[in-house]
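Chains A and B, in that order, give the protein sequences. Letter 59 of the first sequence, counting from 1, is numbered 59 in the working numbering, and no numbers are missing. Letter 12 of the second sequence, counting from 1, is numbered 12 in the working numbering, and no numbers are missing.
Misleading hints may appear alongside valid ones.
[As the list claims (entries may be wrong)] The calculated lysine to any residue pairs, modelled on SDA-like cross-linking and capped at a C-alpha distance of 20 Å, are:
| hint | chain 1 | residue 1 | chain 2 | residue 2 |
| --- | --- | --- | --- | --- |
| 1 | A | K216 | B | M86 |
| 2 | A | K356 | B | E79 |
| 3 | A | K356 | B | L10 |
| 4 | A | K356 | B | R71 |
| 5 | A | K356 | B | K5 |
| 6 | A | K356 | B | M86 |
| 7 | A | K216 | B | E79 |
The set of hints was computed from the structure by calculation and includes no laboratory data. It should be emphasised that the depicted structure is a prediction, and the values quoted were computed from it without experimental measurement.
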Amino acid sequence: MTARAQPAQSPPISVVLPFFLLAPLGLIAAGFLATELGREALVAVNGRRTVAITHALALGWVTTTIMGACYQLAPVVLGGPLMSHWLARLHLVVHLVAVALFVWGMAWFNATWVGVAGSLAFASVLVFLVNVGRAVWRTRQWSIPRAYLACSTMFLLAGATLGLVFAGNLEHRWFTVSHGKLAAHAHLGLTGWVALTVMGVSYQLVPMFNVASRVKPRLAYPALALTSAGLVLFALIMWIDPPRDVRLLLAGVLLAGPLLWSVDQVRLLRGRVRRRMDIHGRGTVVSLCFLGLTVFLAVGAAWGSPFTPYAEPARWPLAYAAAGLLGWAGTAIIANSYKIVPFLIWFHRYRERTGKEPVPLIRDIADERLATLVLVAHSLATLVIIIGLLAGNLQWLQAGGGLLIVSGVAHLGSMLSMFLPKRSSRTTGVSTREVPM
Amino acid sequence: VKTSKIAELLSTVIDPELGIDIVSMGLVYGIEVDDDEISVAMTLTAPMCPMGSVMVESVQRTLEDAFPGTRVVVHMVSEPPWEMGMLGERARRQLGMPAH
Chain A
1 MTARAQPAQS PPISVVLPFF LLAPLGLIAA GFLATELGRE ALVAVNGRRT
51 VAITHALALG WVTTTIMGAC YQLAPVVLGG PLMSHWLARL HLVVHLVAVA
101 LFVWGMAWFN ATWVGVAGSL AFASVLVFLV NVGRAVWRTR QWSIPRAYLA
151 CSTMFLLAGA TLGLVFAGNL EHRWFTVSHG KLAAHAHLGL TGWVALTVMG
201 VSYQLVPMFN VASRVKPRLA YPALALTSAG LVLFALIMWI DPPRDVRLLL
251 AGVLLAGPLL WSVDQVRLLR GRVRRRMDIH GRGTVVSLCF LGLTVFLAVG
301 AAWGSPFTPY AEPARWPLAY AAAGLLGWAG TAIIANSYKI VPFLIWFHRY
351 RERTGKEPVP LIRDIADERL ATLVLVAHSL ATLVIIIGLL AGNLQWLQAG
401 GGLLIVSGVA HLGSMLSMFL PKRSSRTTGV STREVPM
Chain B
1 VKTSKIAELL STVIDPELGI DIVSMGLVYG IEVDDDEISV AMTLTAPMCP
51 MGSVMVESVQ RTLEDAFPGT RVVVHMVSEP PWEMGMLGER ARRQLGMPAH
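Make the full structure from the sequences, and use the hints.
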């Protein structure tokens, strides 16, 4: 099968890059809030500081990064254009105002501002879906990433709708908020939107960056079907706060999809041609390890916080959330950021110069050692937070928050450093066009 | 215009992600030369690779510079899919793989 090569549809750098550069502020804000957590955070999962932290991470850091990545990947990987570049820029402004208002409103409790922020966040999601909708839903060619994104965007809409209801409920008290209802909302957002997007995109990026095209993924669609069906079932049944046996069954169904996905990812990594792992490969391995921890903690949370039977029942659910959000998704996002951002800078700075003069390679754009340091600091912060939560030790929890600030600042700094001028690393013969001898 | 000369020129086009030339990578499937047209069939290590357009442009620029007035057409080929056996010795060395 042949096709005349088409020009790239990559959007302008000014559309995508601000998402990546502003997202770590959510990580830093969450770190600051975590350093001030009190004992009440271990008692209920919906303490105002806890909700502020989870949304600073989920909406501020993770979702901002993923939305930026979608604006880049949808036209290039899925083959359909965005509706409007200006709409994407407007979307970022609305999204950031919504996140800042929400985190501030929750941390220093103000129900009215939380309601306003919830409405803005919902509007931001609608604008995003309209903008990427054509690429995700209306292109001709089906692919694994596209199937995952088609599902994840639907779960984003469901999670945001439920979030808007919760935000309104703070002021109007339509219904009693329970652990099960919160779990439904959290899983629609974190598993449905974040996890499915990370899983789907990894089917494109892991083989591409590690050169593993000879390995064909076998479990992509079963993993997607199991995760999606399990999540719908989970959200419906958790709404009525089911007993332990049902919770464990739901956890089993929900975890089966990511576990199948992880089997595919391990196969892809083992079959790679590029033997020496770069930051993306290392980040993917760390991310898979965190998935294992997430599965273990999920079962504990579904069981009902074992080893903390009489007090502080929020420890296991929060440790599970930290492992999934900061660990599994977070390290995958860091790993991908150090590929996507250098690519964007390289593409817009050097693309026109290839074939004419020596230019740096993409790997010359990012400082590999600094990227590894960020990955290590972030993983350490996540582990310290998880240990602090499981042990009920506030000092560890607050120290984890401090480490999160360090890793967030380092992450932001390392991405800004990519804009510094780069030299072609000629010693390794890496100009995109060497002069023939 | 000889195809061997074109292949030599294409071996100066480097994949900016891997730092290896496209001929050693086994990405060039065929070169055809007519009177006023050079046609190159090439593939990518992964389908829908964002680097595809960059490499196509680099191939076109390189050949158009070397052969002014000649039309250069690059066809992206997906069959047979690229696989590890297509790697040349130089690429295998650079990727840290054992020689054939």
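Against which earlier hints does the structure fall short, listed by number upward?
-> 2 and 6
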